[in-house]
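Visitor: The chain contents come next:
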Amino acid sequence: MKTLITSTGGSLDASFDKRYGRAAWFCILDEQTGKTEFFENENVNATGGAGTKAAEKTVELGAGKVISGDFGPKAKDLLEKFNVQMVIIEEDDLTIKDIVERIKG
Amino acid sequence: MARPKSLRKVVKPPGFKGYKPYGNQNASGSPVELLYEEYEALKLADFDLMNHLEASRVMGVSRATFARIYERARRKVALALVEVKEIKAVYGHAYLDKSWLICNNCNARFTIPQTASEHNCPVCRSSNVEAVK
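Here the protein sequences come in this chain order: A and B.
Position 74 (the first sequence) corresponds to 74 in my numbering; numbering is contiguous.
Position 38 (the second sequence) corresponds to 143 in my numbering; numbering is contiguous.
The following block holds chain A by itself, in its conformation from the complex (with noise of 0.2 Å):
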């Protein structure tokens, strides 16, 4: 299964970001490859619906769990609808790899 995570930046040093609809950039995690992809958020100044286009794009690119900060209702509502798991960790400071390495285990 793939997993979607919000960065701040395009490496796996870049820092989690906890905005998911505003996120600078999306990590595409390959759980039984290990594998990391990085995608930049075309909808990072957008005026709205940037939750519902992040969302999109979620199920556009295969991700079924994503891993963010918070998500707004209209996220949600997308998110539950395409049955994609939704994991909020609220922990400061973390970066990607971090994150990456704990679902490793």
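Read the hints as simulated data drawn from the structure, not as lab findings.
Any given hint could turn out to be false.
Said to hold, decoys possible - DSS-like mimics (lysine-lysine), calculated; alpha carbons at most 25 Å apart, straight line:
hint, chain 1, residue 1, chain 2, residue 2
1, A, 81, A, 57
2, B, 148, A, 81
3, B, 193, B, 148
4, B, 117, A, 74
5, A, 81, A, 18
6, A, 81, B, 117
7, B, 181, B, 148
8, B, 193, B, 122
9, A, 18, A, 53
10, A, 2, B, 117
11, A, 74, A, 18
12, B, 190, B, 148
13, A, 53, A, 74
14, B, 117, A, 76
15, A, 35, A, 57
16, A, 2, A, 18
17, A, 81, B, 122
Values in this document were obtained by computation on a predicted structure and should not be read as measured data.
With chain A's structure known, arrange chain B on it following the hints.
Guide: Same frame as chain A, now just chain B:
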């Protein structure tokens, strides 16, 4: 007055309205009413193979309460089989869970989508999870 029952959290309601015996000659009387929370208890304990403590946390009740719900569920199923009765799924004291679980190991909060088969923490795989109150 008896203390009101706390609502039990049911992650997914049963996928059936009931079960009916067939090939029987004297089907007797009233159906057995299996409550949603009893179905859920049976599922968590015997299908997902959780222990009672883990399962009780998923349902947001104490371990002892979970054990009682589970016992009732088993007795009802046994009763239906032995006395050749229909089983009917009834709502009971449940609320359907669209909300969140929390992992006591890594503090991540997460949802369980309908298609998911496991209740473990998606981050650290711990089964030490409970309902967010």
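Visitor: Each of the hints needs a verdict: does it hold here or not?
Guide: Each hint tested on the structure:
1. Pair hint residue 81 (chain A) plus residue 57 (chain A) holds up; C-alpha atoms about 14 Å apart against a cutoff of 25 Å.
2. Restraint check for residue 148 (chain B) and residue 81 (chain A): the C-alpha separation of about 24 Å stays at or below 25 Å, so the hint holds.
3. For the suggested pair residue 193 (chain B) and residue 148 (chain B), the alpha carbons sit about 16 Å apart, so the restraint of at most 25 Å is met.
4. Simply put, residue 117 (chain B) and residue 74 (chain A) have alpha-carbon atoms about 22 Å apart, close enough for the 25 Å limit, and the pair holds.
5. At roughly 22 Å between alpha-carbon atoms, residue 81 (chain A) and residue 18 (chain A) fall within 25 Å of each other, so this suggested pair holds.
6. With a C-alpha separation of about 14 Å, the suggested pairing of residue 81 (chain A) with residue 117 (chain B) holds against the 25 Å cut-off.
7. At roughly 14 Å between alpha-carbon atoms, residue 181 (chain B) and residue 148 (chain B) fall within 25 Å of each other, so this suggested pair holds.
8. The suggested pairing of residue 193 (chain B) with residue 122 (chain B) holds, with an alpha-carbon distance near 6 Å, which does not exceed 25 Å.
9. Annotation: proposed proximity of residue 18 (chain A) to residue 53 (chain A) holds, straight-line Cα distance about 17 Å (limit 25 Å).
10. With a C-alpha separation of about 23 Å, the suggested pair residue 2 (chain A) and residue 117 (chain B) falls inside the 25 Å cut-off, and the hint holds.
11. The hinted pair formed by residue 74 (chain A) and residue 18 (chain A) meets the criterion: a straight-line CA distance of about 17 Å does not exceed 25 Å.
12. For the hint pairing residue 190 (chain B) with residue 148 (chain B), the CA-to-CA distance comes to about 21 Å; that is within 25 Å, so the pair holds.
13. With a CA separation close to 10 Å, the supplied pair residue 53 (chain A) and residue 74 (chain A) stays within the 25 Å bound.
14. Using a Cα cut-off of 25 Å, the hinted pair residue 117 (chain B) and residue 76 (chain A) holds, with the two alpha carbons roughly 18 Å apart.
15. Proposed proximity of residue 35 (chain A) and residue 57 (chain A) is supported: the alpha carbons are some 19 Å apart, at most 25 Å.
16. Of the supplied pair hints, the one linking residue 2 (chain A) and residue 18 (chain A) holds, its CA atoms being roughly 19 Å apart against a limit of 25 Å.
17. At most 25 Å may separate the alpha-carbon atoms for a hinted pair to count; residue 81 (chain A) and residue 122 (chain B) meet this at roughly 23 Å.
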